[in-house]
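Protein sequence lines correspond, in order, to chains A and B.
If you read the first sequence in my numbering, its first letter stands for residue 3, the second for the next number, and so on.
If you read the second sequence in my numbering, its first letter stands for residue 530, the second for the next number, and so on.
What the hints contain is simulated information worked out from the structure, not anything from laboratory work.
Do not take every clue at face value.
To be verified - Below, a list of computed lysine-lysine pairs in the DSS-like style, where the Cα atoms sit at most 25 Å apart: (1) Lys115/A with Lys7/A; (2) Lys120/A with Lys575/B; (3) Lys115/A with Lys635/B; (4) Lys534/B with Lys120/A; (5) Lys115/A with Lys631/B.
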Amino acid sequence: MSRNKLYLIVISICLAGYFWIGFHYIRTTEFNIKNESNLEFCMFRSITGVPCPSCGMTRSVTTLARGNIANALWWNPLGVIMFASMVLFPLWIIRDIVYKKNSFYIFYKNVEKFFQKKPIAIISIGLIVLLWIWNLKKFL
Amino acid sequence: MEENKVDMFIMANGRFFESYQIPQIRDHLMKLDDSKWTFVQSLNLKNPTTALIVSLLVGYLGIDRFMIGDTGLGIAKLLTCGGLGIWTIVDWFLIMGATKKKNMEKLQQYLF
Numbered sequence: 003m004s005r006n007k008l009y010l011i012v013i014s015i016c017l018a019g020y021f022w023i024g025f026h027y028i029r030t031t032e033f034n035i036k037n038e039s040n041l042e043f044c045m046f047r048s049i050t051g052v053p054c055p056s057c058g059m060t061r062s063v064t065t066l067a068r069g070n071i072a073n074a075l076w077w078n079p080l081g082v083i084m085f086a087s088m089v090l091f092p093l094w095i096i097r098d099i100v101y102k103k104n105s106f107y108i109f110y111k112n113v114e115k116f117f118q119k120k121p122i123a124i125i126s127i128g129l130i131v132l133l134w135i136w137n138l139k140k141f142l
Numbered sequence: 530m531e532e533n534k535v536d537m538f539i540m541a542n543g544r545f546f547e548s549y550q551i552p553q554i555r556d557h558l559m560k561l562d563d564s565k566w567t568f569v570q571s572l573n574l575k576n577p578t579t580a581l582i583v584s585l586l587v588g589y590l591g592i593d594r595f596m597i598g599d600t601g602l603g604i605a606k607l608l609t610c611g612g613l614g615i616w617t618i619v620d621w622f623l624i625m626g627a628t629k630k631k632n633m634e635k636l637q638q639y640l641f
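Just chain A, same shape as in the assembly (with noise of 0.2 Å):
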């Protein structure tokens, strides 16, 4: 992939995320997070009947957005990450077009050759389903 194409898939992904996130946080309040229509919309969820590991992740991030960061670990905790590369990343980028760099590039390689090694692929692996498992629990 080149330079140019992924940093229209990061824009493009962050922008669509705003828009979603914004629905939300206008519709739901801190005391009733659930919004009725989100799940109507999740696909695994109405065919499957359960939630999948990144279920609850829009109720993270918009209880971030409000501030209460031990709610927003208990719906799912990859929200945290989530808001951080929603927030980082497209400022990462706009820097990175502004001075005619590519080191948003090189970074997201380098997570690639990361996660593409056997043993943190495993341990990644195995988080993934344990936060399934505890979704599960919950049932979100």
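Here the structure of chain A is known, so what remains is to put chain B in place on it, guided by the hints.
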């Protein structure tokens, strides 16, 4: 490299690449040194049809992207619930082309 060896490789692995790339691959393999034959044969090429089946079944979790080696996009797909299901459906149509492109990238390391 000998012609029959190249033809054997094309016969066995032709369906892993785009059809318009086959003549180009053939030309480059003919020019290739014989010592690299073992490397070319031991390439871990992915089958586009398998990728499509994986994408149809568990594409929602980004496993198809992890399989073909697009780890970064796989993580993005996993964390966004398959791009809210939209990316999953788009990938049903893109994944075969993406697999063939990845296979070509792997082969290019030895050809050029």
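message = If you test the structure against every hint from before, which numbers come out violated?
response = 4
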